[in-house]
Amino acid sequence: MSASNKIESGAATDQIVIVCNGQERLIEPGQTVAAFIAAMDLNPAMMAVELDGRVLDRTTYDSTLLTAGARLELIRFVGGG
Amino acid sequence: MLEIAGRKFRSRLFTGTGKFASATVMKAALTASDSEMVTVALRRVDLNDPADDIMSHLDRDHFFFLPNTSGARDAAEAVRLAHLARSVGNTNWLKLEVTPDPRTLLPDPVETLKATEELVREGFVVLPYINADPILALRLQDVGAAAVMPLGSPIGTNQGLLTRFQVAIIIEQARVPVVVDAGLGAPSHAVEAMEMGADAVLVNTAIAVAGDPVRMARAFADAVRAGREAYESGLGRRGTTAEASSPEVGLDFLHG
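Protein chains in written order, with full-length UniProt numbering: chain A, 1 to 81; chain B, 1 to 256.
Isolated chain A (complex conformation):
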């Protein structure tokens, strides 16, 4: 019970704002790029991730933490000529 209370109060006070593909998102602090992608139900194999203007190496998604104000771009292939 106390754990869920803690999460609830945390949600009200501790969440941070990042910008993903131009949209503001509220996330828990300490979330990794890999966890963020998984929470969005996205397949990391089908896209590239740019964090603050730099393409992230796939092997670092697990160890890269998202901090307040982070600018994330999730980019994939689409039809084009």
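Keep in mind the hints are simulated off the structure, nothing from the lab.
Note that the Cβ used here is the ideal one computed from N, Cα and C, for glycine as well.
There may be inaccurate statements among the hints.
[To be verified] Lysine to any residue pairs mimicking SDA-like chemistry, simulated, CA-CA at most 25 angstroms apart: (1) Lys114/B / Asp52/A; (2) Lys8/B / Ala168/B; (3) Lys19/B / Arg54/A; (4) Lys27/B / Arg215/B; (5) Lys27/B / Ala45/A; (6) Lys27/B / Asn43/A; (7) Lys114/B / Asp14/A; (8) Lys114/B / Phe63/B; (9) Lys8/B / Asn48/B; (10) Lys27/B / Asp52/A.
[To be verified] Which chain A residues stay away from chain B? Per the calculated CB distances, all over 12 angstroms, these: (11) Val17; (12) Asn43; (13) Asp62; (14) Ser63.
Use these hints to put chain B onto chain A, whose structure you have.
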């Protein structure tokens, strides 16, 4: 057989994947085109519809993806897109497009040269989309472009090979493959480019927006094969006066 940067291609028709009505039609048309090389673009994941992934419909063992840098307005943006393309596609091949003016989508020669130099240094296989400028084509191959892709006419216009004269010079001078790209609106345009000795053509709009894209893809495939066959066969000389195809002897019985 066509060879670019050491990779062999059986088909000389490259096909774009844009503007198709659905993924199903796209896949059927690409299959009918017999293309091996297909271009793709890079865009943001649609966070409201993340499952909408058109590329998951294409088998990458069958189709060789050539990511483009469409949307880049200068060299820096193109390089940024190149890095993303390498990460998404696990490929170092790139169709370099730098088009600062959305109205004409004509490529910027200075930024294209600058980006080619940078990306070749970084190990990319760069196929730059260019205006049909023979001097620029030479400069690009000098700095390591793997092919050059001169336009027939502006992207999406279906106007055909308006740049015929300059493309002929590019082909004559080229030491790298010449892929005529953009504006080819009918199979006859593709034949024209191939008969001139273009190594390949890239077609997107003309197939994607056709009444029946699958049959149009087949028509382009036939056209590209016919044009190449004609080029390799050696076209006859053009004349300005008639030369009879039938013998001129043996007509005495008529004219007595």
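Tested hints:
1. Lys114/B / Asp52/A: Judged against 25 angstroms, a Cα distance of about 24 angstroms means the pair holds.
2. Lys8/B / Ala168/B: holds, 24 angstroms
3. Lys19/B / Arg54/A: The hint is violated at about 30 angstroms.
4. Lys27/B / Arg215/B: holds, 13 angstroms
5. Lys27/B / Ala45/A: Roughly 21 angstroms between the alpha carbons, so the hint for Lys27/B and Ala45/A holds.
6. Lys27/B / Asn43/A: holds, 21 angstroms
7. Lys114/B / Asp14/A: violated, 46 angstroms
8. Lys114/B / Phe63/B: violated, 29 angstroms
9. Lys8/B / Asn48/B: violated, 40 angstroms
10. Lys27/B / Asp52/A: violated, 35 angstroms
11. Val17: holds, 15 angstroms
12. Asn43: Given that some Cβ of chain B is not farther than 12 angstroms from that of Asn43/A, nearest at about 8 angstroms, it is violated.
13. Asp62: About 16 angstroms separates Asp62/A from the closest Cβ of chain B, which puts it past 12 angstroms; holds.
14. Ser63: Its Cβ never comes within 12 angstroms of chain B, the nearest being 17 angstroms, so this holds.
In this structure, the hints that do not hold are numbers 3, 7, 8, 9, 10, 12, in rising order.
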